[in-house]
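Participant: Protein chains in written order, with the working numbering: chain P, 1 to 429; chain C, 1 to 364; chain E, 1 to 525.
What the hints contain is simulated information worked out from the structure, not anything from laboratory work.
Where is the CB? At the ideal position from N, CA and C, for every residue including glycine.
Among the clues, some could well be false.
[Unchecked claim] Going by beta-carbon spacing under 8 Å, a handful of chain P positions derived as facing chain E:
(1) D240
(2) V243
(3) N393
(4) D415
(5) D419
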Amino acid sequence: MKRRMFIKQLALAASVAAIGMGSTSLYAQGKTVKIGVLHSLSGTMAISETVLKDTVLMAVEEINAKGGVMGHRIEPVVVDPASNWPLFAERARALLTQDKVSAVFGCWTSVSRKSVLPVFEELNGLLFYPVQYEGEEISRNVFYTGAAPNQQAIPAVEYLMSKDGGSAKRWVLLGTDYVYPRTTNRILRAFLKSKGVADADIMEEYTPFGHSDYQTIIAKIKKFSSEGKKTAVVSTINGDSNVPFYKELGNQGLKATDVPVVAFSVGEEELRGVDTKPLVGHLAAWNYFMSIKSPANTEWTKKWATYAKAKNIAGHKDRPLTNDPMEATYIGIYMWKQAVEKAKSFDVDKVRAAMAGQTFKAPSGITSKMDEKNHHLHKAVFIGEVKADGQFNVVWKTKGPVKAQPWSPFIAGNDKKKDEPALMAEKKK
Amino acid sequence: MLTETFTRLYGPKGWIAFGVAALVVFVVFPVLSLAVPPDSAFHVSSYWVTLLGKIMCYAIVALAMDLIWGYCGILSLGHGLFFALGGYAMGMYLMRQIGREGQYQSDLPDFMVFLDWKELPWTWWNTDQFWWAMLLVVAVPGLLAFVFGFFAFRSRVKGVYFSIITQALTFAAMLLFFRNATGFGGNNGFTDFKRILGFTIATPETRMALFAVTGAVLLATLLGCRYLVTSKFGRVLTAVRDAETRVAFCGYNTVHYKLAVFTLSAVICGIAGALYVPQVGIINPGEMSPANSIEIAIWVAVGGRGTLIGAIAGAGIVNGAKSFFTQAFPEFWLYFLGLLFILVTLFLPQGVVGLVNKLRGKAA
Amino acid sequence: MKTLLLALLLSFAAAAAAIDRAAVEKLATGEADERSAAISALVAEADPRAAEVLSALAEGEMQTVAGKDGARRVLIVRGEEAVDAVTGEKVTPLPEEREDAIANNRLRGQIEGALAALKLLSPERETRLEAVKQLAAGADEALLPLVQKALAKETDAGIRPTLELIAASLAMKSGTKEARVAAIRRLASSSSPNSRTLLAAAVNDPDEDIRFEAQKALREVQASLAWGERAGLLFAGVSLGSILLLAALGLAITYGLMGVINMAHGELIMIGAYTTYAVQVLFRGTPYFDWYLLAAVPASFAMSAMVGMALERSVIRWLYGRPLETLLATWGISLMLIQAMRTLYGAQNVQVENPAFMSGGIEVFAGVVLPWSRISIIAFAALVLLGMWLLLTRTRLGLFVRGVTQNREMAACVGVPTGRVDTWAFGLGSGIAGLAGCALSQIGNVGPDLGQGYIVDSFMVVVFGGVGQLAGTVYAALVLGFANKFLESWSGAVIAKIVVLVFIIIFIQRRPQGMFALKGRALDS
């Protein structure tokens, strides 16, 4: 065993060396192309976003090692918008006008995306947005590689309503008070109503940002769930508050077999800080889980582990974790590469046209396709139950990729919307 | 009389510098940005225009802060709130200006549509009128500062206590504005503005106009503050800073002075906020976070308290450094910034201006 | 179903020979409904092995490998050891290509219920007690005959009432009208949330008598549950108060007594939490893991105290008497400390596990669980408070600190080394912040931003209580904790926080000296 490892490492070292030598000759002409990386490395969002920056850098290193994009070496420009939303807009403008990047990979929160959106539209830039979000937006300058509500929230609720999910009849919609939970819960409420759930059987509850004391909320959930019928909790609690929420949940003995909690913002990374033994069976819905069994995923997680170790990435070097937004980032950068090669140009308009219908074999084992029109990915939905080791067991998945519905049919007036970005001319008038 | 005032404000050298600044803001920048072709080396890109516009807004805030902290000794850690309130008032007007061009082609702002609201809350009354929005920009921060200041100064809350309760105030306001139910767009705040006074907001011309207006307000605020601090009023303020009890025993009602300057300072912040929003294109509750307000104090400390030019310099240095470092050393910029604050407070109690003066004194 | 359970009862009497291979295979690899049926079949198998197989699935220890004839062979894998699920033989070596057999909540619930029902007949009292506790939270009605059987045999006074309740709740759903009315009356005396669920359903019964009885019973149950809820709220208030107290105690020394506006206070808390994490990592994998907190407490105190003293010596010392400038400098320090943690441990949270004795909770009323972690923190806060009080009132250092705060010049004149006392006092305050971090790591997340969430709250507590007053800090923390929790249950968390802040602002404006003021004649402070 040991010897085999040694040989593997030797081979790896040799290949790295070979690539290193190769790259010098490959880029002899010194042709480079710049891309922007716009993720917060400090401030409140650093906890989630830092790793996406590293994912981009890993993909870039990989692409460069294989000859770059159309013979151009990718040069990533990393900036830190510091979880400060106006600073996002400023940095985006700098990336597009000063550095003249061909595409930008970045943003996590909706507000950061909303902040940079006018800049990208004005300067006709290209943004790849890798996080699940509330939908209700299609911009011609953005490609959304995360999930829209129908690719995450609605399948999860359907699952909980099914016999396998426990046939839930009463619902607690719990979230942090910002736009994503509000919109998602509005869509879910309409969806539940369409399935015959009465208003009295739905409880909506919001907590402020950074809320850390969930005693009262959990008492409320307990009370609500004892008032009749099987209850399930849908949690859109934002990243940082999840640890205290789940710790309290575990300690108060609210078990998944009694009241399952399904979360849309909790993945491997968020559970890193939590002892998951009391949480076994609680659920999360994503388009990717680290525990998915597919050759593509095995290779990808291995790659990440090696990269994290090589780059000495704090936290990940000891315990490498991959999650859904990382996968979405990775898909995004490869699709951009493919589109550039198809368009044979870095020109934004040409690349945008070439993006339509691009496919990529994602680490989740599913071949994701960029929709021809609506700038969102077709993605498969997985529902996972928390395991004692902080990973997820996939207990349900869609048959194949699901097309995104950025304009949710459960919001009034959306039926008239076009499933594609408005044209510039139309917008200007 | 007039000349007397002139000479009181600045000496001849000062006025020349002032004229040069005006020339740069009103002539050099517009020409370089609008008339020079984009591929020329002298062209000023939209990035620089918005960046400098933003920094000028911050400089106005720094002046307001210097007025009460540097001259009156009151450290308010709630100035971010007044700034944001002015911004929100302007933001409401800009949101209404979008009209039916939002995602939902509704008369209501987008965020209200997807919260399923049917009509505008009362706070939005008349905000489609520019004059009303401008009135709010001035009145809301002013009124809040007046009421808050009235109770605080009357019960002689001072020093650190005042700092901490103003911090609590801005923190409470931030939580309030974060709530979606409050009706100001929650965490997302206002974005995606389309036009101001009928002009499309994302054109170089509008941007330049906003830049020039900001520059004008900055210079006017500078003169106004200079006028104030060199007047009798200003001297009483300084006296309050240095020995409040003694001033009170001399028969001055210090509460009135403090209240007046606190309110004025809040109003200036509100105006700066109103100028800031159309230029950066977003206003949200993050502006009210206590950290932002502390930063305002830091600009003033870095530049030099009690000198107006220092406040402006401080805002420029800190924000310029921030913009530069977040790009050049994204992983390390907080070390630089933190170190800057420590070194300045330890070794430059008079700020950068104090340092310059000292060096000049040595040279002379 | 009933016959099945009868067979299940028999299982304890007669041990069967082998378990059904087909059922085990279905259990591991079948469709959802097949697997559910397989559970029933296996319970009926009446073999201790069946129970083992079921619990292996529930615990996630079941795996399958390719068998000889295309079928899957089912294994139970624990660590590096595997046994065949059907035969119980050891399988060596461990096959390479294994696949997990995954249980979802539905199966897990079914298995847990069935296993608990089996345990009701166990001769061990502890096992039976555990089983009734589990079933009291809600049991499948098919288990009724089994429960009745157990009830007939049960004599233990600690178990019997709960068992009666379970029987009643199961009878509620089926049976004759008389039986149901009797069951409803029995449920009226219970205070379990599950009874409310059952009665709430019975309130809409077509039979009028049952409806009437159910309404009456529901009122009684709700009244007793309401007491539980109130008690829970009270505990939540004390718990939040103790956390605020811990976070603010350190500041009560550095700011309250010494007058240093330490904006890096939150980061000293954060350092304490990270130290706890580091200690935990050292203990991981050793048999002493559950006791890592014993080492983490002094370590986090020492670490934060050291950092605090270093800060005092290098920066803060030069800024005494200039409080507002201290504020700015310490703000800079806090930025650097946060970024330092990001560089060292990464921007993401680190995992701090509760020791076993601190996870879970104690159920004082039905439905009200008091988590051990929170109980421990309340006790810990009390201990820290006591320790600090003793230190300040009973030791020479405490005397010096009080002397220096009251009159620095005079203290210096009588030979107190004021400079050194400052350093020690600041170290003490910082160390206590570190202890707070150690405690907070048990209930919240440990990340670089940890301290930012507590800094405003800590200042509020100290100012509200009255600067320079330890007792004031204690009262303020408790008052704010209660106020927050009571408002929260009534108006939601966001409004509660805002109202509390506004209340503090108004309070300070009315009484700038806080709840408890130092008496003095000075016009300026």
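Participant: Which constraints among the numbered hints does this structure fail? Numbers only, ascending.
Facilitator: 4, 5
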